[in-house]
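Let the hints inform the model, and build the full structure from the sequences given.
So you can see what is in the structure, the chains are spelled out below.
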Amino acid sequence: MQCQQCDKQAMFHITELETGNVRELHLCEDHARVYLNQAEADSQQDDSDDGSGSIGVGQTAKELSEIDQKFCDMCGITFFEFRNQGRLGCPHDYVQFEEELEPLIANIHGEVKHTGCRPKRDKSAEDQSVLPESTEELTSVIGMRKKIREAVEGEDYEVAGTLRDDIKKILHKWHAEEPTK
Amino acid sequence: MKFEVLKSSVGEWLKGTGPESDIVMSSRVRLARNLAQYPFVGRASETERSEVEEFLRSRLSKTSVGSRLEYMDLGGLEDLDRQFLVERQLISREHADATGARGVAIDSAEQVSLMINEEDHLRIQCLHSGLDLQAVWEQIRGVDKEIEAVVPYAFHERWGYLTACPTNVGTGIRVSVMLHLPALVITRQIDKVFRSLHKISLAVRGLYGEGSQALGDFYQISNQITLGRTESELINQVADVVPVLIDYERRARDFLLEETERNVHDQVSRAFGILRTAQTISAEETMQLLSRVRMGVLLGLVDDLHVSDVNKLLVRTQPAHLQKMKGIDLDTKDRNIERARFLRSYFESGSSDEN
Ligand SMILES: [Zn+2]
Ligand SMILES: [Zn+2]
Numbered sequence: 225m226q227c228q229q230c231d232k233q234a235m236f237h238i239t240e241l242e243t244g245n246v247r248e249l250h251l252c253e254d255h256a257r258v259y260l261n262q263a264e265a266d267s268q269q270d271d272s273d274d275g276s277g278s279i280g281v282g283q284t285a286k287e288l289s290e291i292d293q294k295f296c297d298m299c300g301i302t303f304f305e306f307r308n309q310g311r312l313g314c315p316h317d318y319v320q321f322e323e324e325l326e327p328l329i330a331n332i333h334g335e336v337k338h339t340g341c342r343p344k345r346d347k348s349a350e351d352q353s354v355l356p357e358s359t360e361e362l363t364s365v366i367g368m369r370k371k372i373r374e375a376v377e378g379e380d381y382e383v384a385g386t387l388r389d390d391i392k393k394i395l396h397k398w399h400a401e402e403p404t405k
Numbered sequence: 038m039k040f041e042v043l044k045s046s047v048g049e050w051l052k053g054t055g056p057e058s059d060i061v062m063s064s065r066v067r068l069a070r071n072l073a074q075y076p077f078v079g080r081a082s083e084t085e086r087s088e089v090e091e092f093l094r095s096r097l098s099k100t101s102v103g104s105r106l107e108y109m110d111l112g113g114l115e116d117l118d119r120q121f122l123v124e125r126q127l128i129s130r131e132h133a134d135a136t137g138a139r140g141v142a143i144d145s146a147e148q149v150s151l152m153i154n155e156e157d158h159l160r161i162q163c164l165h166s167g168l169d170l171q172a173v174w175e176q177i178r179g180v181d182k183e184i185e186a187v188v189p190y191a192f193h194e195r196w197g198y199l200t201a202c203p204t205n206v207g208t209g210i211r212v213s214v215m216l217h218l219p220a221l222v223i224t225r226q227i228d229k230v231f232r233s234l235h236k237i238s239l240a241v242r243g244l245y246g247e248g249s250q251a252l253g254d255f256y257q258i259s260n261q262i263t264l265g266r267t268e269s270e271l272i273n274q275v276a277d278v279v280p281v282l283i284d285y286e287r288r289a290r291d292f293l294l295e296e297t298e299r300n301v302h303d304q305v306s307r308a309f310g311i312l313r314t315a316q317t318i319s320a321e322e323t324m325q326l327l328s329r330v331r332m333g334v335l336l337g338l339v340d341d342l343h344v345s346d347v348n349k350l351l352v353r354t355q356p357a358h359l360q361k362m363k364g365i366d367l368d369t370k371d372r373n374i375e376r377a378r379f380l381r382s383y384f385e386s387g388s389s390d391e392n
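Chains W and G, in that order, are what the protein sequence lines are.
Mapped onto my numbering, the consecutive letters of the first sequence carry residue numbers 225 to 405.
Mapped onto my numbering, the consecutive letters of the second sequence carry residue numbers 38 to 392.
One or more of the hints may lead you astray.
Straight-line distance between alpha carbons at most 27 Å, and here's what the computed DSSO-like set of lysine-lysine pairs gives [as the list claims (entries may be wrong)]:
hint, chain 1, residue 1, chain 2, residue 2
1, G, Lys182, W, Lys392
2, W, Lys337, W, Lys370
3, G, Lys229, G, Lys99
4, G, Lys361, W, Lys344
5, G, Lys363, W, Lys232
6, W, Lys397, W, Lys344
7, G, Lys361, G, Lys99
8, W, Lys397, G, Lys229
9, W, Lys232, G, Lys182
10, G, Lys236, W, Lys397
11, G, Lys370, W, Lys337
12, W, Lys397, W, Lys294
13, W, Lys392, G, Lys236
14, G, Lys363, G, Lys99
15, W, Lys344, W, Lys393
16, G, Lys236, W, Lys337
17, G, Lys182, W, Lys344
18, W, Lys393, G, Lys182
19, W, Lys371, W, Lys393
20, G, Lys99, W, Lys232
21, G, Lys99, W, Lys393
22, W, Lys344, W, Lys294
23, W, Lys397, W, Lys371
24, W, Lys232, W, Lys286
25, W, Lys337, W, Lys294
Label pairs and their computed distance ranges (CB to CB) [to be verified]:
hint, chain 1, residue 1, chain 2, residue 2, range
26, G, Ser306, W, Asn308, 41 to 47 Å
27, G, Ile237, W, Ala330, 24 to 30 Å
28, W, Val258, G, Lys229, 21 to 27 Å
29, W, Glu322, G, Asp134, 42 to 48 Å
30, W, Met225, G, Thr54, 31 to 37 Å
31, G, Tyr108, W, Glu253, 26 to 32 Å
32, W, Lys392, G, Pro280, 50 to 56 Å
33, W, Glu322, G, Thr84, 28 to 34 Å
34, W, Ala330, G, Asn300, 45 to 51 Å
Hint data in this document are derived by calculation from the structure and do not stem from the laboratory.
All C-beta atoms in this analysis are idealised placements derived from N, C-alpha and C, irrespective of residue type, glycine included.
Here is the structure:
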């Protein structure tokens, strides 16, 4: 069976009971998620009117289009692209779009703070003090690789060389050197 | 060759053993993980995807778990072989159908599978037969710990493990239990049960096929939330509801036996009769009939057949398994003929063969 809102296969089959009325919904995973989140937001609407639960509520079209144009400094994804695909571009997006993602994440999970396991790196990693609160520094090499590509295009090989050295240092610090071929 | 090994065995999760295995087919946990130093798979270039694959393969080979696993380059496999792995639940359909550098590492018991470049750089999956979530969690946490010692997972103090989709962020954990609930379907109580599950933010999906009545009455229950609770809390959320569902299903089965035994016996016998004699049969019909027979076996209405036989047939009658067994590609029409032939000969030769 097909999703009622797109071509994908319907994975969720929801039966809604509304005042003596039975309504059947057949939705793919993505649309079911949207639907269920919406249903939840609707039910919350009764007790709180501020509409802070989801993006697009209480924001003007102009504000929305400004948000859409924001992009990630590392991977370059725009918030618009994310909204369209439902997938983020790189780990830095959680920092770059933190403000925009927070209500969305709160809506999905009902919480905005991780409380589970955290990674422990091998003892041989040089600087344990930087681990593992955040891997932002390591993620910054994504942006540096982009700058290398731009430098090479502009034939600025000196800058490209410096950036390569910087990347090597960071990868080494984080014990993330590329495998030798 | 690896596929010969896989072909002649069936996964541990199909053995039909483990606690509550009359109703609980399998217990699964998967963890979504990403490397900090690369864009997520959907945004990575061809080169970056290859580098991610190389990096992970090289690091995994240094762990004791990694060295016990068999690695398969999915891009280098035939469609049919990828489909086979999907039917075996070792990779996802999305992973099979994707393009670019990607692979999977599988242990010989088919309990652990590491998917590289699925939606996230790494997806660790652990699958056991029956209701066994605690053991699954301990096993997968062990694997995760070994890997995290040598792989820099993308992590953020507030958001936890960072994933391509915000629906997985935090713990990155998806806990699921696959249930066989034919009596709840027959007694039309299944929708009521599911509505109550949605209310406590658990997701339900039919395992096979589509339609509001999941093909073969197999349903998967899993957590939807991944952030703001510990892994144990999320596992318990699923684990706590399963005994309730088991109890509902058992009561529905008892009800069927007490109130409508002749009808149920008739349905089961007819299903078994068709499976033993059909000349051509679709995958969907096979699934439905096997589900009825499975319930019949468990209610003591079918002799000479074990639950594990039915479990194996559920997988081995699927398209890629049939074609791998036959050794040639078959179109739908020929597959239906081959499926019927396989079922007839399986039941003729006595059900409890070693495969
Ligand atoms: Zn859809
Ligand atoms: Zn990014």
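The hints, checked one at a time:
no. : hint                              : in the structure
1   : Lys182/G <-> Lys392/W             : 26 Å, holds
2   : Lys337/W <-> Lys370/W             : 31 Å, violated
3   : Lys229/G <-> Lys99/G              : 49 Å, violated
4   : Lys361/G <-> Lys344/W             : 42 Å, violated
5   : Lys363/G <-> Lys232/W             : 31 Å, violated
6   : Lys397/W <-> Lys344/W             : 15 Å, holds
7   : Lys361/G <-> Lys99/G              : 33 Å, violated
8   : Lys397/W <-> Lys229/G             : 55 Å, violated
9   : Lys232/W <-> Lys182/G             : 36 Å, violated
10  : Lys236/G <-> Lys397/W             : 46 Å, violated
11  : Lys370/G <-> Lys337/W             : 53 Å, violated
12  : Lys397/W <-> Lys294/W             : 31 Å, violated
13  : Lys392/W <-> Lys236/G             : 50 Å, violated
14  : Lys363/G <-> Lys99/G              : 38 Å, violated
15  : Lys344/W <-> Lys393/W             : 21 Å, holds
16  : Lys236/G <-> Lys337/W             : 22 Å, holds
17  : Lys182/G <-> Lys344/W             : 8 Å, holds
18  : Lys393/W <-> Lys182/G             : 25 Å, holds
19  : Lys371/W <-> Lys393/W             : 16 Å, holds
20  : Lys99/G <-> Lys232/W              : 40 Å, violated
21  : Lys99/G <-> Lys393/W              : 22 Å, holds
22  : Lys344/W <-> Lys294/W             : 33 Å, violated
23  : Lys397/W <-> Lys371/W             : 21 Å, holds
24  : Lys232/W <-> Lys286/W             : 32 Å, violated
25  : Lys337/W <-> Lys294/W             : 24 Å, holds
26  : Ser306/G <-> Asn308/W: 41 to 47 Å : 53 Å, violated
27  : Ile237/G <-> Ala330/W: 24 to 30 Å : 18 Å, violated
28  : Val258/W <-> Lys229/G: 21 to 27 Å : 24 Å, holds
29  : Glu322/W <-> Asp134/G: 42 to 48 Å : 33 Å, violated
30  : Met225/W <-> Thr54/G: 31 to 37 Å  : 33 Å, holds
31  : Tyr108/G <-> Glu253/W: 26 to 32 Å : 28 Å, holds
32  : Lys392/W <-> Pro280/G: 50 to 56 Å : 54 Å, holds
33  : Glu322/W <-> Thr84/G: 28 to 34 Å  : 29 Å, holds
34  : Ala330/W <-> Asn300/G: 45 to 51 Å : 50 Å, holds
Of the numbered hints stated above, those contradicted by the structure are hints 2, 3, 4, 5, 7, 8, 9, 10, 11, 12, 13, 14, 20, 22, 24, 26, 27 and 29, listed in ascending order.
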